[in-house]
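I would like the entire structure built from these sequences, with the hints used as guidance.
Read top to bottom, the protein sequences are chains A and B.
Position 200 of the first sequence, counting from 1, maps to 200 under my numbering, and the rest follow consecutively.
Position 154 of the second sequence, counting from 1, maps to 154 under my numbering, and the rest follow consecutively.
In short, the hints are calculated from the structure, not lab data.
Among the clues, some could well be false.
Cross-link-like lysine-lysine pairs, in silico, DSS-like; alpha carbons within 25 angstroms at most [claimed, not checked]:
1. A:K111 / B:K46
2. A:K111 / B:K4
3. A:K67 / A:K160
4. B:K118 / B:K225
5. A:K52 / B:K46
6. B:K195 / A:K130
7. B:K200 / A:K137
8. B:K37 / B:K27
9. A:K130 / A:K108
10. B:K200 / A:K111
11. A:K287 / B:K46
12. B:K217 / B:K118
Covered by chain B, according to a simulated footprint, are these stretches of chain A (three or more residues, beta-carbon under 8 angstroms) [to be verified]:
13. 54-60
14. 238-246
Looking from chain A toward chain B, a few residues come up when the C-beta cut is under 10 angstroms (computed) [as the list claims (entries may be wrong)]:
15. P32
16. F112
17. V200
18. K220
19. F281
Note that CB positions come from ideal geometry on N, CA and C, so glycine has one too.
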Amino acid sequence: MEQSYFEVLRPGINSTFQDKGRFGVQYMGLAPGGAMDYQSFLLSNRLLNNDKNSGALEFAYQGPLLKLIKGKTKEPYRTYDLNEGDQLDVLATKASAYGYLSIEGGFKLDKFCGSVSSQPRAFIGPNDGKKIELKDKILIFKNSTTKENKIIRNIKFEEKKIFSVLPGPQFHYFSTASKKQFFSTPYLITKQTDRMGMRVIGKSLENLVNSNIPSEGIIKGAIQVPGDGNPIILLSDHPTTGGYPKVGSIISADYDDLIQQNANREIYFQLVTLEAAEQRFTAYMEKIKKRITNIEIV
Amino acid sequence: MIKKITNISDQGIICDFGEEVNKDINKKVISLFNYLKEKSNNDEIKGIYNIIPSYNKLVVHFDLEKNNSHKIKEIISSIDLKKLTTSQSGKAWTIPVCYDDEFALDLENLTKSLKLSKEEIIKTHLETEFYVYMIGFMPGHPYMGDLDKKLFTSRLQSPRVQVPIGSVAIAEKFCIIYPYLSPGGWNIIGRTSVKLFDTKNLTNPCLFSPGDTIKFKKVNKSELK
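This is the structure in C-alpha cells:
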C-alpha cells in the first residue's frame, strides 16, 4: 500500500504539531510545550479512538488547507471521511484562537524526548520544529477503517471574562493598592501574544521590593511582572526559567479558556485559594470526561 | 537549607533556599533535584512533570490528577537534606572562545566602563574556573559563575533584538553562552562554536549539567568550527 499523506496547499498562520508536551526535561532548558488547549486536543483524539497523547495538528486563527480530502468542514468537534484527492479547508478560528486536527491512527511523526511538540525557535520537533509550510507532505499512519463518523454536540466557545489567579511566590513584592486594582479592573489582551506568552495591559502593578530576581523555574500560567509593571502571562512555550517576580498564576482549570481568548478582549483577574483552585481542577477534568462519554455516532 | 515551600501554581511548588547565590546553596538544590528525580523515575513519587533547579530555588511541577501540593510539600519537608549526597562532582570542560572584535561586540565598551584593557578582561575571563549553576531560559543555555570582581558589570541599557548563536556574554557575576538566536541584554565578549544542545543526540542532548566546571581557551577565528 502506498503511503498516504496530506499535501499542504496553505499552511495557515501558526500550524505546528503538538501533543500533551515534553516532560522531565525542563532542567535542560527545554520548555514543556504541548497543545495550548489541552481539552480540545484530547477531544480531537478521543473522537477517533486514538491514543490520548497522539500528535495533532494545532492551528491558530487561520488554519491550513490540506489535500487528500473532501469538502469544507461545517462544524468542529466531529469526524469526517476523506477520500483521495479531497481537500480539507480549515478556514479560521473566529470565536477562539487555537484548533486541532487529528487523524484516525495518528500522524506519522518523529518524537524528541518523548514528544512530537514543535518549538520552532529551538528547532525542536518534527521537520526540525518548523511550522507547517507550503507543499509539506504530512504522512499518516493508516487509512481509515471506521465506518461511522462521531460528534460531540453542544460545545460552544464563550467569551470568558473572569480568570482565577493563585498568589505567586513574589505576591508580597507588590503594593496592596496596585494588587487591589489588579483584581478589580479590566485588562486588555494585546496582540503581543503567542505560544510563549500573553501580554495584557491595564493598571500597572507597583513593585516595592525588586523587579529582578535570580532566575527561577517557571510553570505555564505564571503571571510575571517586569519593571514596567505590565503583566505577562507565561504560556506553554515559556522560557524554562525567568528573572521577573511573579504576582500569581492562572489556575489550571482556566488555562484552556484563557489561551482561547482573542486579542483586544477585556478580562478580569480574581484571587482564589489553593483549595478552590484544586476543586475547580477536579470539576474541569470531570467536564472533559463527561464530554468524552457523550461522544455519539453522527 | 529550605527556608520555605510555597505554591507557584496549583500544579507546582517552589522550594526556597534563601536569597543568596553561591555554590554551596546551589549544590544543595542540585542534590535535592537528583534525589527527587530518582524517586520520580522509580515512580515512588507519582505524576511529576518536571523538576527545575535554579541558583537557589527548586520548582516541582506535577499532574494534579495524580498528586497535589500538600503531599509533595510533605515529602520534601520529610527529607533530611544533610543526608543527601552532594559529593558527585560535575564534568570539567574546556571551551574554545574567539575574542576577536567582530565577535566581542561589547568588549570595547567594557574597557571604558570597567577601566580595564581588552587584554586584561580576556586574561581575567580565561583565568576563571566557572561553575555551572543552572541550565535555563532556552535549551542548553548555561548560567555560570562566579566572575572575578573586576569584571562585574550591569546588563545593557537596551537589549539586542538578536544575539548571534554561540555568543559568550557577561553580566553581574555571571557568564552565559547563547545557544540559539535570541534577544539578549548581556555584554558579549566572544564567540564559541561549541554546540550546547544537540537534538540529534537522543540520550543526552544537553552538553552541560549543573555542577560542571568550565574553563575557556582562547582560539583564533579559524579554529572556530
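A quick look at each hint next to the structure:
no., hint, in the structure
1, A:K111 / B:K46, "holds (23 angstroms)"
2, A:K111 / B:K4, "violated (38 angstroms)"
3, A:K67 / A:K160, "violated (35 angstroms)"
4, B:K118 / B:K225, "holds (24 angstroms)"
5, A:K52 / B:K46, "holds (19 angstroms)"
6, B:K195 / A:K130, "holds (20 angstroms)"
7, B:K200 / A:K137, "holds (22 angstroms)"
8, B:K37 / B:K27, "holds (15 angstroms)"
9, A:K130 / A:K108, "holds (16 angstroms)"
10, B:K200 / A:K111, "holds (11 angstroms)"
11, A:K287 / B:K46, "holds (23 angstroms)"
12, B:K217 / B:K118, "holds (16 angstroms)"
13, 54-60, "violated (count 0)"
14, 238-246, "holds (count 5)"
15, P32, "holds (7 angstroms)"
16, F112, "holds (6 angstroms)"
17, V200, "violated (18 angstroms)"
18, K220, "holds (8 angstroms)"
19, F281, "holds (5 angstroms)"
Figure legend: structure checked against the earlier numbered hints; hints not met, in rising order: 2, 3, 13 and 17.
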